[in-house]
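Participant: Chains as they are written, first to last, in my numbering: chain A, 7 to 333; chain B, 21 to 395; chain C, 17 to 379; chain D, 513 to 790.
Check each hint, because a few of them may be wrong.
To be verified - Only some residues are given here: those of chain B computed to face chain C with a beta carbon under 10 Å:
| id | residue |
| --- | --- |
| 1 | Y46 |
| 2 | F48 |
| 3 | N51 |
| 4 | F53 |
| 5 | A94 |
| 6 | P95 |
| 7 | V98 |
| 8 | T125 |
| 9 | E126 |
| 10 | I127 |
| 11 | V128 |
| 12 | R129 |
The hints are simulated quantities; they were obtained by calculation from the structure and are not laboratory data.
Each residue gets a CB set at the ideal place from its N, CA and C atoms; glycine is no exception.
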Amino acid sequence: MRIEVKNLVKHFPNKSWILSSDDVPAKKAVDDVSFSIQEKEMFGLIGDSGCGKTTIARSVSALLRPTAGDVLYDGESIFEMNKRRFKKFRQEVRAIFQNPDSYLNPHVRIRDVIGEVFKTHTSLRRRDIDEATRDLFGLMGLSLSFLRRYPYQLSIGQKRKIGLARALAIVPRFLIADEPFAGLDISTKRELTWIMQRLQQKYKFGALVISHDLESVRNLCHRVAVMYKGRILELFDISSLVNKTVYHPYTQILLGRKREGARTLILKGKPCPSSQETIGCSFLSSCNLYESFNHPHECIESQPKLRTLQDNHQVACHLCDRALKDR
Amino acid sequence: MVPDQKLNHNTTIDRPLLSVEGLKTYFFLQNDFIRAVDGATLWMNQGEILALVGETGSGKTITAHSILGLVNSAPGIVHGKILFEGRNLLEGLDRFCRIENHGETEIVRKDLKGWDKNHQRRLDSVRGRKITMIFQEPVSSLDPYYTVGEQLSETILSTRPGESRSNARDSAHEWLKELYLEPPTYYFDKYAWQLSGGECQRVMIAMALAPRPELVIADEPTTALDASTQTEIIRLLLELRAKYKLSILFISHDINLVLGFTHKMVVMFNGRVMERFPVESLRNGSCEALHPYARKLISIDEREKPLEGDDDLNLAGRKEETQTVSSRACKYLLFCPYVSELTEDLSNRCKSSPPPQVQIEKDHWVSCWRFARKA
Amino acid sequence: MPRVFRIGQKGLLSRIPALTRKGILGISFGTLVVLLIVVGALYSKPYAKKFGRGHLHLEHKYERPHIGIFEKVFCHTNDQSDDSSESRSAGDEYEEDDIYQEEGNPESREDSASMLYPLGADKNGRGILAGLLAGCWTVLQCGVLSVGLTLLLGTTFGVLSGYLGRAPILAFLKKGRLMEGKVGAIASSSVSLGELANLLPTLVNIFPRLVLVIIILTLWKEIEIWSVVIAIGIINVPKVSYAIKDKIEHLKNQEFIEAARELGVPHRRIILKHILWYSCKPIILVQMAYIFAEVVLVESSLSYLGYGLPHSWGGMIALERDLILHPGGVYWPFVFPAAAIVIAIIAFNALGDGLSRWFQTRS
Amino acid sequence: MTVKNSLSVFLLRNIIIGLVIIFLATLMVSTLMHSASHQPREGEQMSYFEWVQGLLALDFFDGQFFVKTYRTLILTFGSLIVSLLLALPLGIVSARKRDSKPLRFLTGLADLVCSTPVFVTAYLFILVGIKLFEQSFAVVGSERSSFALLVMFLTLGLSNGTVSEIMRHAREETVRISEQGYITAVVARGVNYKRHFAKSLLIPLLNIVSSRMVYLLSGAVVVEHVFTWEGIGKWSWDSALAGDYPVVMSITFIMVLFVLLVRFGNSLVASHVDLRRR
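Please take these sequences and the hints and turn them into a complete structure.
Facilitator: Here you go:
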């Protein structure tokens with residue numbers, strides 16, 4: 007059982023008034039992205055806000071029709087499934103949403119939030135549902151007093167946990183977590199990570215974990231893809247993250263927010279001007295390799311393709327292999 | 021760029037530029053006080069970068085707002101001293117506010133109008149002139165109805181009265197250039213909602229630096245930004261600090277980030293300062309965290325397994341318990357791992373009165389009764 | 017003047033601001049007056065049966081009120097609406113209890129007079145109180161029916177225009193390459209299903225309401241309750257539908273609608289449960305109160321202009337039009353109905369205000 | 513796309529939509545009139561297209577028509593100004609100083625008094641006038657002393673809940689704006705925040721004013737009745753009762769046009785202040 011994303015492209019047309027024809031170039035949210043996630047695999051998708059990772063999450067959970075490309079679930083396109091199959095898909099592939107303040111209906115008690123999951127996918131009776139909910143909360147280490155509360159009575163971390171509980175109420179085979187750690191304190195983030203690890207080892211579900219910093223997925227995921235402006239720049243195993251063998255300058259920046267890394271990054275190197283649009287490599291404007299190799303022309307001319315550098319380590323950069331030789 | 025040694029042996033003169041003593045900022049909600057800041061004490065020297073670290077709700081932002089007098093919900097600041105360049109910004113304001121303690125219950129009598137009038141008058145020469153601020157959400161802290169350039173030149177005009185508009189425009193352009201917003205003419209006529217977060221934050225920095233302040237309060241300036249932009253912004257800040265001899269009060273919740281470039285670090289929890297470190301020696305391991313909370317916060321990245329009671333750190337779930345504890349007790353009492361092995365009188369002290377700040381070594385202060393006894 | 021912040025128990029007086037903030041004061045006042053109106057409406061029929069309403073007693077023309085304080089009040093010349101409103105609400109209690117004690121014996125002349133004219137009589141010698149009670153009945157009937165109609169229509173249009181949103185109705189033309197470039201863009205972007213559903217509220221909303229009402233009313237030969245109900249019900253539709261539309265458009269940015277879709281909840285259930293039941297309940301309740309006030313306003317204005325229902329407060333004022341210009345110390349014939357209208361409107365507004373505050377504090 | 517281009521697009525869009533709405537509205541009224549129960553008088557049986565032809569030939573707009581329209585517009589705008597003068601300061605100040613008891617009382621009082629129906633207010637004024645100035649304002653005829661005009665403005669401006677509505681909006685918007693991040697930032701910069709505040713308050717105020725216009729017009733119907741002030745409000749009422757097709761149609765046309773123009777101006781100003789609206 008695997009999820010496969012094939013050449014996914016999504017354009018958002020600019021808001022069109024009457025009389026304004028669509029000559030305005032549409033915003034490319036996702037630009038020809040393809041990857042696949044094996045069964046029981048935790049796949050991390052890292053990138054800045056607005057790089058299209060949320061768009062990918064929403065198309066994988068069939069909330070958004072891509073402009074081109076396809077998403078296969080067990081080799082079957084989720085957009086051409088028949089009703090019965092699709093309902094099963096809805097039950098097997100569950101998502102955690104990004105914004106804890108808005109993915110819970112402010113007027114619904116937590117009990118009913120969880121209860122709705124069972125109501126939709128099972129034919130349990132009221133009492134059984136309550137029972138199941140209580141078991142679930144016990145498993146997630148949530149206090150039962152939350153059941154009677156409304157979302158505004160919970161802290162962000164607790165809302166996050168409720169979101170996780172809502173997704174895992176009926177154990178899915180695949181979990182899509184969109185920024186599950188955003189806006190959390192370090193300690194709460196840690197705790198949530200631990201919970202997810204524990205449950206993943208218990209239930210062995212695969213997951214697509216989306217985050218904006220590399221650290222939070224470090225000891226959660228098995229494979230990581232780094233996105234920038236709608237493209238995947240680097241795709242590697244978590245091992246190469248642990249022993250710091252990542253090559254793309256952008257990934258190095260992301261990694262650099264670790265202590266001494268941050269130090270060197272912040273102190274060495276100059277503040278770069280704000281990024282403009284280029285036909286060439288999208289990362290050109292803030293690329294330090296580009297500086298050190300004194301401005302090679304292929305970076306400006308062509309958008310680099312994702313190609314294998316070592317075994318299961320792919321990079322989309324013209325200069326990375328040169329940089330590797332120089333080491 | 022900032023040369024390395026400038027950070028290592030800090031070239032700071034030991035004259036406290038800003039010192040906050042026993043600051044208390046309360047809010048009143050549903051018949052109860054929210055003690056956002058409850059007796060916070062911190063100080064920073066001329067030309068150094070002080071990191072104010074804490075988790076959400078630890079009152080670090082409220083502290084910053086209190087320093088600049090931006091707290092506008094009642095009762096607001098009720099007690100404390102804010103000394104800037106040796107001058108108390110709350111001079112003689114205590115006659116407008118009385119705190120009465122009847123056992124556990126606390127009554128605050130505050131003449132909001134009188135307090136406000138005098139406080140604003142004291143702030144006028146400082147706020148926006150000597151102390152400026154950089155905010156957390158750059159986009160929403162710029163007025164969407166005026167162009168960036170207008171707001172920048174407006175700020176410049178307000179700090180230098182008698183300046184002609186054209187001069188203000190020119191210096192606004194210079195400042196934009198200084199922050200690598202090239203070409204300045206392009207950015208001058210942009211609105212905040214037409215720029216990216218990073219660009220907006222640069223504009224905010226320009227506005228903060230244009231009056232040539234002594235102290236810049238940076239309230240989580242990089243939290244809302246992307247990973248790659250964060251480092252740029254911090255680089256910029258450091259570069260400009262070196263250029264204009266600024267002191268920076270850097271508020272953040274991200275210890276890894278802060279350890280990279282600051283001189284001193286102050287850890288806050290529930291409106292009180294728990295511990296104060298010299299960052300350099302903390303980085304090279306020559307000094308380690310003593311307060312249980314600080315240790316938990318700093319070492320949290322090395323650990324793979326949770327300590328017990330890690331999930332208790334957000335208080336929202338445990339409100340009822342916090343109410344049973346006296347408001348004067350140590351804020352960390354509920355979570356302190358040493359509670360069991362405390363002696364009788366010590367635990368009584370922890371319950372009854374706020375712990376004092378004890379100096380362990382140079383620039384290393386802990387506020388915990390256990391060390392108070394040792395000292 | 018220092019402000020005091022004190023933990024723990026507070027005096028009742030110092031709680032009043034908090035009560036107003038929570039809207040409890042408004043709600044209680046509103047409900048009180050609503051109850052008064054209901055009681056009056058229910059009592060109007062038996063009262064009329066007992067003492068008669070329609071037929072004239074010309075010998076009682078401009079009979080003075082038979083309740084002491086009003087005679088005192090009307091010795092003073094000028095009167096403001098608010099102190100007369102006090103007298104009105106005071107008067108209600110008077111009516112009720114002295115009606116109940118007098119119930120048995122209306123035979124002696126004075127008693128029957130003081131029963132017929134506790135609030136005096138009008139130009140035709142009819143009892144003001146009888147008119148007020150009858151007006152209560154009319155307002156209640158009219159209000160309930162037309163508010164029901166308004167809510168029905170308004171909710172439908174609101175949900176349609178909000179939920180369908182900007183789904184372009186002619187998009188398929190563009191997709192089918194039937195319309196290229198500008199024209200296609202115009203068509204697909206201008207006419208969306210949501211805007212189509214929003215058309216009727218818009219049309220109603222740009223009309224001066226009374227003009228539209230009278231135009232609608234001319235459809236019927238003579239005025240009966242249904243025509244008024246329909247007319248007033250229609251002109252209030254935009255309020256509700258806009259409120260619901262805005263709410264839904266605000267909800268669309270919230271993720272929980274999407275979360276429900278992701279869970280696999282069908283659209284119908286999302287609309288009915290998540291949008292209408294959970295999220296729009298407060299709005300609908302608040303709007304109900306406001307619309308009720310509107311109904312009282314429009315209905316009384318209609319019958320004031322002489323094209324409304326028979327027994328109505330507005331009509332009672334209209335009857336005394338020429339008297340008002342030169343009142344020879346005779347104020348009660350229009351003070352009481354006016355006070356009734358004002359109090360009713362204020363009460364419903366207060367109710368709506370209180371409800372909205374109440375719901376605000378709850379989330 | 514450039515700003516100028518977007519502006520022209522914006523104008524064109526508004527105009528087209530306005531025309532469509534006018535067409536639909538008049539069509540609706542004409543169908544209502546045709547299916548009305550009145551028997552129209554001889555020779556006044558008129559179809560919609562005849563009316564449109566007459567409209568294009570400007571048949572209906574004689575001097576009397578313009579005079580009446582002018583009177584009603586005077587009445588509407590005058591009362592709008594009155595209610596704005598009362599509502600804006602109250603609303604804004606009460607939002608700035610939330611814990612001052614006299615203000616709260618004052619706003620509450622205004623809230624109550626100003627939701628009374630027009631004719632009640634009118635009679636209060638008449639009574640006060642009779643008692644204090646020994647004169648009644650309800651003189652039959654069209655000529656008015658400026659004092660009487662003022663009384664009419666007051667009557668319409670202070671009733672039907674216009675004041676309380678505007679006041680409520682002003683209050684809420686003031687609170688909302690002063691909680692905005694950029695106001696705090698401006699204060700922290702030591703700059704005078706009043707400019708920023710006023711500019712942010714402008715758009716919501718314009719919106720509420722333009723949406724209250726319709727209510728003022730419908731209130732004008734009653735006011736004109738009470739004070740026998742011959743404007744199109746009274747005229748429309750009478751001619752609707754009389755089933756006078758062309759008059760009702762043209763009055764409808766004028767009123768709808770007026771309302772739409774007000775809204776158009778509102779959105780124009782709004783889009784000028786806030787470029788995001790284009």
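Participant: Now tell me if each hint is right for this structure.
Facilitator: To see whether the hints hold, each was checked on the structure:
no.: 1; hint: Y46; result: 8 Å, holds
no.: 2; hint: F48; result: 5 Å, holds
no.: 3; hint: N51; result: 7 Å, holds
no.: 4; hint: F53; result: 6 Å, holds
no.: 5; hint: A94; result: 7 Å, holds
no.: 6; hint: P95; result: 5 Å, holds
no.: 7; hint: V98; result: 9 Å, holds
no.: 8; hint: T125; result: 5 Å, holds
no.: 9; hint: E126; result: 6 Å, holds
no.: 10; hint: I127; result: 5 Å, holds
no.: 11; hint: V128; result: 4 Å, holds
no.: 12; hint: R129; result: 4 Å, holds
Figure legend: structure checked against the earlier numbered hints; every hint is met.
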